[in-house]
Every structure is written in structure tokens, then in C-alpha cells.
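The opening residue of the sequence shown carries number 10 in my numbering; numbering runs sequentially from there.
The hints are simulated quantities; they were obtained by calculation from the structure and are not laboratory data. Owing to the predicted nature of the structure, the values given are computational and were not obtained by experimental measurement. Among the hints, erroneous ones may be present.
Unchecked claim - In silico PhoX-like links for lysine-lysine, alpha-carbon gap of 25 angstroms or less:
hint	residue 1	residue 2
1	Lys32	Lys64
2	Lys32	Lys12
3	Lys12	Lys64
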Amino acid sequence: MQKIIFDFARLPNMEAFYLSFAKQFDLPNYFGNNLDALWDVLTGEIALPVQVVFKHFPQHSPVFQPLIVLMQETQIELGDALFQFICEE
10 MQKIIFDFAR LPNMEAFYLS FAKQFDLPNY FGNNLDALWD VLTGEIALPV QVVFKHFPQH
70 SPVFQPLIVL MQETQIELGD ALFQFICEE
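Could you put the whole structure together from the sequences, leaning on the hints where they help?
Laid out in C-alpha cells, this is it:
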């Protein structure tokens, strides 16, 4: 299983996250920097299985909460065998 790590100590906002996500998954330039595009990529355009790890995640930041929900929903949709999401403080 491929492991992709996002270090939120270096990702101050959603724009920075989307740029890092696109780079780590080698996505084309037309990747839309929004949650709908992220869902589409996670559930149908990346190589699976994959484990996504959020390190130094700011638990109390409302900016990133929709991202957590989306990652959790992706894990439910795809199942643990194909997609694992881990969030660390």
C-alpha cells in the first residue's frame, strides 16, 4: 500500500494542501482545487490502495474540517483495503 504524507506544519491553508496533493499524486494541471475535484480524484483517478496520513493536523481549525470529513467519507466509500486515512496531531 502506497503511503502519502501531508505535513500540515507546512500547509497553512487549503490552497497549499491542494498544491501538495496534486504534486504528490502527479495530477494534471486541470485538477480543480476544490472538494468536489478532490473526491473525484480519490474515488476514481488515483492508484489504489493508498494510505493518506495527515501529520501535525490543526484539529481546531475550521478551515480544514471539510477536508477531514471528505477523507473519512472516502475511507467508508472505498473500504480499508483500498483507502486508509490517518490523522495525527
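Here is how each hint holds up against the structure:
Among the hinted pairs, Lys32 with Lys64 is consistent with the structure: their alpha-carbon atoms are about 17 angstroms apart, no more than 25 angstroms. Taking the CA atoms of Lys32 and Lys12, the gap is near 14 angstroms; set against the 25 angstroms cutoff, the hint holds. Between Lys12 and Lys64 the CA atoms are separated by roughly 12 angstroms; this keeps the pair inside 25 angstroms, and the hint holds.
Consistency with the previously given hints is maintained throughout, with no hint failing.
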